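Engineer: So the sequence lines, in the order shown, correspond to chains A and B.
Mapping the first sequence onto my numbering, position 76 (from 1) lands on 76, and the numbers just tick up by one.
Mapping the second sequence onto my numbering, position 81 (from 1) lands on 81, and the numbers just tick up by one.
To be clear, the hints were calculated from the coordinates, so they are not data collected in a lab.
Some hints here could point you the wrong way.
Some chain A residues flagged as far from chain B (calculated, every beta-carbon gap over 12 Å) [said to hold, decoys possible]:
id: 1; residue: I18
id: 2; residue: H108
id: 3; residue: G257
id: 4; residue: G345
id: 5; residue: D350
Pair ranges (Cβ atoms, derived) [said to hold, decoys possible]:
id: 6; chain 1: A; residue 1: G86; chain 2: B; residue 2: P37; range: 55 to 61 Å
id: 7; chain 1: B; residue 1: S131; chain 2: A; residue 2: R83; range: 53 to 59 Å
id: 8; chain 1: B; residue 1: L23; chain 2: A; residue 2: D396; range: 22 to 28 Å
id: 9; chain 1: A; residue 1: D152; chain 2: B; residue 2: S131; range: 38 to 44 Å
id: 10; chain 1: B; residue 1: D123; chain 2: A; residue 2: R140; range: 34 to 40 Å
Quick caveat: nothing in here was measured; it's all calculated off a predicted structure.
Backbone N, C-alpha and C fix where the C-beta goes; we use that ideal spot for every residue, glycine too.
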Amino acid sequence: MSEAVAFDVERLRADFPILQRTVYDGTPLVYLDNAATTQKPRAVLDRLAAYYANENANVHRGVHFLSAEGTENYETARRSVQRFLGAAHAHEVVFTRGTTEAINLVAHGFASRLREGDEVVVSALEHHANIVPWQMACERSGATLRVIPALDSGDLDLHRLGDVISTRTRLVAVTHTSNALGTVNDLRPIVEAARAVDAAVLIDGAQAAPHAPVDVQALGADFFVFSGHKTFGPTGIGALWGREAWLEALPPYQGGGDMIDRVTFERTTYAGLPAKFEAGTPHVAGGIGLGTALDYLMEIGMDAVAAYEDGLIAYAEERLAEVDGLRFIGTPQRRAGAISFLLDGIHPYDAGTVLDRLGIAVRTGQHCAQPVMDRFGIDGTIRASFAFYNTRADVDALVDGLAKVQALFG
Amino acid sequence: MSEADRRQQALVDEFAFLDDWMLRFQQVIEHGEAMEPLDGALKTDDRLVRGCQSRVWLDAGSEAGTFHVRADSDSQLVRGLASLLVRVYDGLPAEEAASAELWFPSEIGLDEHLSPNRANGLDAMRRAIQSAAGGAV
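Please construct the entire structure, taking both the sequences and the accompanying hints into account.
Structural biologist: Below, the structure is given as structure tokens:
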């Protein structure tokens, strides 16, 4: 069977109602802002509606039928996350509001372990959510933040790892895939360098999880975080995977119902994993919807998704390279999801506004990654970001749109 | 009709013949190109308008009760939009500039630029101009 038959993109597109809609005056939508958020398949939309229509109840507490059923469905979704990540145990999966909350949860716990003289390492390619929580942890503890530098290609300068990671390093937090440039980082040497000095490793998988298979055990990291809404699931839900020993060692993030074992006014003991980190009524519908989204992805097969997207990205790079006056921002060795570029003499905002009127949704600006822009000495980029439901026709529409942009502003 | 309304009506009349959004964008850009650039020395952080994805500088003040405003941006489109606001507000009595209602953008199909989640911040520019005019009254 050829790859084209195995991966029927038109059949998959039909699963996404929003991809059929038009914008402005009947202009077909070309959605190339998947790094910001992905669209939702009908399976997820139907699952959310079914939950609220037939199953709504609070979980983990009630003895009644609906509560027991909801609890089972919520925990089934947790097992879907476990399978999607290749985690050893379901109780190593903590539902969070998303990537940002997951990182904050770990950073909050780590802040109590850090001492003056300790160091936390991030990379030059991080978005703000994997910088600011560590800055806050460093401020609270007196530790220092250090940065793995990036090359002009948009790859990390791994030759400098030895300068940045040292025996003072307590944790390395690094993105798997850059949201701003699309760089897929070579994580192995980073994890090995951290391991060599007994530092923990957190992988920000928000931009990696939608594009290729994830195996947290093979990655060798201690924490992996991702967002539901970037993996074709609902907003307001995401997950933290952590090694059991680390999750046991970290203090709770928030206090309240569901995370307790026993409460008296003198002392509270905490529940076991994962409840210890899930205070309050959880986002039950979101968790169940995320489970459905991941089941949907696993049914397509993340290997098939990765193979299709690799071909699509290569085509997009090739077509965009034909555009006179287009400058790629970042030409990394491995790329997934996103391509950032600038047009000579044209402000990204101007390009994005005209593309928008043509029905082409791209992102312009700093992409919540100001230090990446500073590294390249620019104010922002035009970013086209792809998912498995995008096609070569979408790429062609973008290239035609850029010609119109140049005609207007050139 | 107030002077601000008269100026806005003139803009509406000018754009009325342009029935295609590309032509309207073109016209906005040409207005921006025709506006005298702000002197580099005036492009200071304290003149930046907050809430714009592109950079927009406003230089505003009043003299003998008359409000003056000039603008610039690194985006051609935003510079064009800013030039339309300058055309409406510059030279008005400060009191009128502080209170004039801005209605021409919706009349000429630029209303989406007034939406709060539009990053170019036409509305942010309007608020900055009216705040400066209010301070000058």
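Engineer: Once the closest CB in chain B is found, is it more than 12 Å from A/H108?
Structural biologist: holds, 30 Å
Engineer: Closest CB-CB distance from A/G345 to chain B, is it above 12 Å?
Structural biologist: Non-interface label on A/G345 violated, nearest chain B Cβ at 9 Å vs cutoff 12 Å.
Engineer: Against the range 55 to 61 Å, how does the distance between the Cβ atoms of A/G86 and B/P37 compare: consistent or not?
Structural biologist: The hinted range 55 to 61 Å holds for A/G86 and B/P37, with Cβ atoms some 57 Å apart.
Engineer: Kindly confirm whether 53 to 59 Å is satisfied by the beta carbon distance between B/S131 and A/R83.
Structural biologist: holds, 55 Å
Engineer: A cut-off of 12 Å on Cβ-Cβ distance, and A/G257 was said to be off the interface with chain B. Does that hold?
Structural biologist: At roughly 35 Å from the nearest Cβ of chain B, A/G257 sits farther out than 12 Å, so the non-interface label holds.
Engineer: Confirm or reject the statement that A/D350 sits farther than 12 Å, beta carbon to beta carbon, from all of chain B.
Structural biologist: violated, 5 Å
Engineer: Is the hinted range of 22 to 28 Å satisfied by the C-beta distance from B/L23 to A/D396?
Structural biologist: The hint (22 to 28 Å, Cβ to Cβ) holds, given that B/L23 and A/D396 are roughly 25 Å apart.
Engineer: Taking 34 to 40 Å as the stated bounds, is the beta-carbon spacing between B/D123 and A/R140 within them?
Structural biologist: holds, 38 Å
Engineer: Return holds or violated for the Cβ distance of A/D152 and B/S131 against the range 38 to 44 Å.
Structural biologist: With Cβ atoms ~42 Å apart, the hint holds.
Engineer: Measuring Cβ to Cβ, find out whether A/I18 lies farther than 12 Å from everything in chain B.
Structural biologist: A/I18 is indeed farther than 12 Å from all Cβ atoms of chain B, at 18 Å.
When the structure is compared with the earlier hints, violations turn up for hints 4 and 5 and for no others.
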